[in-house]
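Peer 1: If you want the building blocks of each chain, they are given just below.
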Amino acid sequence: MTRQKYSIFSLLRNAVSHNENWRQAWRSPAPRKKYDALIIGGGGHGLATAYYLAKEHGIRNVAVLEKGWIGGGNTGRNTTIVRSNYLWTEAALFYEKSLKLWEGLSRDLNYNVMFSQRGVYNMGHSLQDMRDIERRVGANRLDGIDAEVVMPARIKAAIPMIDISPGARYPILGASLQRRAGVARHDAVAWGFARAADALGVDIIQQCEVTGICRNGSRVTGVESSRGRIEADRIGVVVAGHASVLAQMAGLRLPLESHPLQAYVSEPLKPVLDTVVMSNAVHGYISQSDKGELVVGAGIDAYTGYGQRGSFHTIEHAMQAIIELFPAFSRVRMLRQWGGIVDVAPDACPIIGKTPLQGLYFNCGWGTGGFKATPGSGWAFAHTIARDRPHELNAPFGLERFTTGALIDEHGAAAVAH
Amino acid sequence: MKQVNRLPEGGRIDRARPLTFSFNGRTCRGYAGDTLASALLANGIRMVGRSFKYHRPRGIMGIGVEEPNAIVQTGAGADTIPGLRATEVELYDGLAAATTRGWPCVNFDLLAVNDFCARLLGAGFYYKTFMAPRFLWRWYEHYLRRASGLGTSPQMPDPDSYEHVNAHCDVLVAGGGPAGLMAALAAAKCGARVIIADEQGEFGGSLLYDTARLNGNPAAEWLRKVLQELARCPEVTLLSRSTVFGYYDHNFLTILERYGDNPGAQDAGGVRQREWRVRAGRVILAQGSHERPLVFPNNDRPGVMLASAVSGYIHRYAVCPGRRGVIFTNNDGAYRTALDLVSAGASVAAIIDCRVEGAGAIAEPLRRSGVEIYQGCVIADVTGRKSVRSVEVVPLSADAGTPAGTAINLDCDLVAMSGGWNPAVHLHSQAGGGNLWDEARNCFVPGATRQEHVSVGACNGSFSLDACLQEGNQAGLDAARACGFEASPFSTPGINQDLTGDARPLQPLWRVPLPRSPHRYPKQFVDYQNDTTVADLHQAVSEGFRNVEHVKRYTALGFGTDQGKLGNINGMALLAECLGKPIADVGTTTFRPPYTAVTFGACAGADVGTLYEPVRKTALHDWHEAAGAEFEVVGQWLRPWYYPGPGEDMRSAVNRECLAARGSLAIMDASTLGKIEVQGPDAPAFLERIYTHNVAGMKPGRCAYGVMLGEDGMVMDDGVMARLGEQHFYLTTTTGGAARVLGWLEQWLQTEWPDLQVYLTSVTERWSTIVLAGPDSRKLLQGMDGDVDFSQAGFPFMAVRSGSLAGFTVRVFRVSFSGELAFEINVESDFAPSLWQTLTEAGERYGITPYGTETMHVLRAEKGFVIVGQDTDGSVSPLDLGMHWLLSKDKDFLGKRSLARPDCQRPDRKQLVGLLIEDGREVSPRPSFRRKPESSHNKHLTEILPEGAQLVEQPGGVPPIPKLGHVSSSYYSACLGRPIALALVSNGRARKGDVIHAALRDGRYIRVRIVSPVFYDPKAERQHAS
Amino acid sequence: MLLIKCPWCGPRDESEFSYGGEADIVRPAEPDALTDEEWADYLFMRSNTRGLHREQWVHEHGCRRWFVLERDTVTYQFTENAT
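Protein chains in written order, with my numbering: chain A, 1 to 418; chain B, 1 to 1026; chain C, 1 to 83.
Calculated from the structure, these hints are not laboratory results. Think of the CB as a built atom: it goes at the ideal place given N, C-alpha and C, for glycine as much as any other residue. There may be inaccurate statements among the hints.
[What the hints assert, rightly or not] In silico lysine-lysine, DSS-like type, Cα no more than 25 Å apart, as pairs:
no. : chain 1 : residue 1 : chain 2 : residue 2
1   : B       : 699       : B       : 891
2   : A       : 55        : B       : 128
3   : A       : 67        : A       : 33
4   : A       : 100       : B       : 128
5   : B       : 581       : A       : 67
6   : B       : 992       : B       : 1019
7   : A       : 97        : A       : 55
8   : A       : 67        : A       : 34
9   : A       : 5         : A       : 100
10  : A       : 5         : B       : 128
11  : A       : 55        : A       : 354
[To be verified] Stretch-level coverage of chain A by chain B, calculated; a stretch enters the list once three of its residues show a Cβ under 8 Å from a Cβ in chain B:
no. : segment
12  : 324-333
13  : 398-407
Extracted from the complex, chain A is given alone in its bound form (with noise of 0.2 Å):
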């Protein structure tokens, strides 16, 4: 189960073979009887947790089950912004984890994931805005993750499309910006690491869905799926907006919703923007993808909804607010518009870790921000499930926090929650 080597030679090598040779990324295996492990859920969160339960707990003998296609779901859906800055202990020192691992995956992996650190921009634009700024960037600081607050001038020497005139009706009186975030392609993070995965002896199995979720009295014994009955005693769910539903299956109640959460893009530009900006004020976040796109995140619809469609004045209040912040942009054209489904907890934070049945894990509740999470996600996700208790950097995330009332308050900070 050797793996091909990736680089610019082996594309030397295979040119000069008329690309006829490349092996397969990852093997399409029939389903095996028994797994040690059952991923459920192909996406960049599941592939990560099969790829780090093989590499970091060698546990091998791991199947992701996966309904569709992989990184078909909010992986491939997303405008795949990674960064870290978040305002409480507990997510900032999660997502930077996410954030480390980001920095050295394309190497790990051997497949460019394309992480661009080309800084995130959130932009304040009222008095308490810039209060949040000045806390949230402080505790980073203090968490050791770059931050800075930076003022009208240097936004705009670094943003030039930018308004920042004071006479904007939300008139941006400071950033926070975190350097190290970015964007990374998030089709090759499913992709890169479902062969990563599967080079360690993990089985893909696409186009299989769990119709049921086995046990024996509180244990975990298996899935019921379209392809049969699989068994393993411990199962890990990471199906991003479909969670509330593999929780029906056994018998479990989440505090999740799930709703449509929408994203566009123009048609491709030449450069205009280098970097990421995001408001929450005027509801709207963009950056420009390596192949001229703006990339344009809109709120999330406010009905619950499987759809993976929201409503078109959805759609519309993010053009104003892009507009809003980047006059010119008015002329571009919205080349495509897409929808996902994001399951949202009462915290804006996720919830990875046990569950009451022995050997079940739940992995879910990311709302819009779970993209940057992908390499951390699978990390933590991978040791829960390895010894059947949570990581320490995932042990704040666990489900008793809706009991104790012990939330970690993103939404309520204030913080943008994407």
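Mind docking chains B and C on chain A? Use the hints.
Peer 2: Okay, now just chains B and C, sitting in the frame of chain A:
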């Protein structure tokens, strides 16, 4: 330039209106009625772009929205538009267009070197390299980014305006070709309200260049009559240059209406583009179809075009794109293009038909005129890098699986190809409809759907003109009937079209078969704009990308600005071939809105700039402006922040305002406070459940400070609650919380306690609130006319009185957010300016001073009063704020149970405290840190802690450093002569007297002592002043 | 842009309404009698149904009345005449 390819007559152009335009700086000529594409072809311009990855020269290939190559930028400065398809740009005088790709120019592109190392740049090459060293990725990326992009963003704010229109109709018809027009006519004749939209400047679709006759007349004649008839129907809205681009849930559709791309193209109201938001009873989709290209080596040479586009340019624009054409087809349709070329005076070098049996009757006249028809043959290569020079024709083997026999070369300058047609199922799919593979028609056709729509004509796979008209007619009648109109059938026109008698069926040809793998031959393009080739698809499949979505994402198939309209179905079929599966099993990728690109401006509509969000101003705003106030944005409101006097900076103005309030008399506009009246027999019982304090014990005429919690126990809002009568209460909320609180109260009333008889009314804007604060406030009021007794006995602290004051009807609350003797006077907003004027004039003898939000904040912070949303953040409970006294033990209230949860009872929760800077010296974790000891002593007297600053036990340490809390409010207190701050500190109440440190962003640590949050008048004697 | 049938005003655009989440969650009569788990269940746990979902809406920019509708959370179709 000369219009070398312009035919002497014909076309729908207006030869009386010649136009001049420039392309890449060269001056060209065309006519009104041209598109930029037809004019470029007329001028003999072949190269219009470079491809995305290999930078290969490209020419115009299509005639409409499917065009992948001719992407131009028009105009300059603020008017410039990037990324337009030349096929959609209506020519205008003075148009300046430029190609968007190629460096230094489209004719000589240095990056064309990519074409020669293309084997290194196969599908997904960028995932396999550029990984080391890590920091170099940004460098590689910089160049990848520079090489990308189709056009340049405008750099200036958009000078044009846009708007939204909401519309309702019985029947919306998308597409104004024969099927759509017929449908609209049928529905309109039944009386239905119809909107019909077509993306082009002229209605008619294929009728604009069809040679068929309807009822014995030219198609154009029928078209003219139908349009006249529709225009006469008062309930019909005809929208040209209007693309139905989105089909959303519940029959909500969006249309982009344009007025052309020339600067100043707009309607009478100055609108450049308009987004129609239509709720339709029934929808009829009649968007037509897109011709499929054929896939063969070098099928992207400039001069290779869609056959229908060639015909279209000849008939509609009187432009013949070549002198000597070769037709390459798998169906009869393209033979008509051969006839068109002949009729235009061009020669047809040959027709290459992959079908052994060739075409039906339509081939006869061509044969008679000596056109060579190669049946069972294909094109195996095209030469001519910047313009087609010749094609290589080879016969196919008997099973059509491989080329067999000798190749011959044919000189030509044009290849017109046709691989069949793809119904435009985009809107159908957006609406949630499925698509079915139709083997007989060799295309995807619309399947079942969940919304109220039907597809007719070519987008339903019904390609003949007759079928289009029949289906349109029926659908129009059905739709009208479904909307409750009586339908009276009428007949469709009879069609006469030559040579359609015995058309032979199309033979699928997804790619020209080649003896060896596709990697070994010149590139065979599937997606032109993104340079996706057959070899890329094969490589993707061999690398394990088998799902259609994976292949699309790995090879970028369909990600261009045509969104796969040209190449996707070929791609799906080729994928099916690779996988050995039927096309139906491979399926299509998702069709996402918009159908064609929509400007951000149109999507945003008019709600941008000053209209982005309403600005709310109080009734006293003009006075504040005249008084020179600086304003603070608070939610939607503009509030006076402070009133700088001549030469004053903010600090000195605020100090002056504060001292006036503390020393004599100050006046503030507090009208933005949310105000809600609560009435009804159950109002006390209701409020008892909402507020934490005891409501029943309040007597009419009394006020109380109240907080309301979320069910999670956290502070949601606060304000004053006044009991005006037994069943009549008046609540104030925070400025930003007014709407939320009203909604919250309504929700509980209606959904949880509908048995309670309570009525809520928002009166925020009805009443203006004027605050008089300061020891002289009573004196001022007592000196004015009125019937309110302002004496201490008559009007004690926390009382409310109604009456008249200086002739105004007022409600006065003796509450204090400043800690001074204060009165909040509510007056109907219309009278607020004159009451304010009266008070300020009368107050002159007390030196009455207007103050803004900043002073209000200082005064309340001196008293330790919190601002919800500043000193709280949604994770702060009333216990954290030390409001135990406010929590009734004798009743349940919202959020009470949550306060008993273990986490809410933790002793180390962050609690509200005051902070005083301990001394002026900054303590540095590093002794070498540069300090200015000589200045620090004075500085500490005025320097305030930054709001938001984090608090730690000790300077320095290794991250993550435990945080004790943060500074939530921080001001210079003029009356105390020192800075003060409020903070949330872990276990803070028990730590009074302790010294901790504020960690500043610049690396400094400031020693601060934890104190009571009440800095001023701790016994609250002043507000009770008698 | 959903089309929502307000029982008092008739069908109106979604932008006139606010969403109120899952219906039929009843506030416990005696919160103090509940365990922390039971309280958390009321406070945070949701069925989050994929499929037919009874939910609350309020005609915020209209009559301001709250009402309950049943909607399929996949197709987004409202059930006609559901009670």
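Peer 1: All hints are to be evaluated individually against the structure, with a verdict given for each.
Peer 2: For each hint, the structure was consulted:
Simply put, residue 699/B and residue 891/B have alpha-carbon atoms about 18 Å apart, close enough for the 25 Å limit, and the pair holds. Only pairs whose Cα atoms come within 25 Å are accepted, and residue 55/A paired with residue 128/B is accepted, the gap being roughly 21 Å. A C-alpha spacing of about 18 Å is found between residue 67/A and residue 33/A, which places the hinted pair at or below 25 Å, so the restraint holds. The straight-line distance between the Cα atoms of residue 100/A and residue 128/B is roughly 21 Å, inside the 25 Å bound, and the hint therefore holds.
Distance check on the hinted pair: residue 581/B and residue 67/A sit about 20 Å apart at the alpha-carbon level, within 25 Å; holds. For the suggested pair residue 992/B and residue 1019/B, the alpha carbons sit about 18 Å apart, so the restraint of at most 25 Å is met. For the suggested pair residue 97/A and residue 55/A, the alpha carbons sit about 17 Å apart, so the restraint of at most 25 Å is met. Proposed proximity of residue 67/A and residue 34/A is supported: the alpha carbons are some 18 Å apart, at most 25 Å.
With a C-alpha separation of about 23 Å, the suggested pairing of residue 5/A with residue 100/A holds against the 25 Å cut-off. A distance of roughly 9 Å separates the Cα atoms of residue 5/A and residue 128/B; the hinted pair therefore holds under the 25 Å criterion. Note on residue 55/A and residue 354/A: the hinted pairing holds, with a Cα-Cα distance of about 21 Å set against a maximum of 25 Å. By the rule of at least three residues with a Cβ nearer than 8 Å to a Cβ of chain B, the coverage given for the segment 324-333 of chain A holds, with 8 such residues.
Counting residues of the segment 398-407 of chain A whose beta-carbon sits less than 8 Å from any beta-carbon of chain B gives 6, enough to reach three: the coverage restraint holds.
The earlier numbered hints are all upheld by this structure, with none contradicted.
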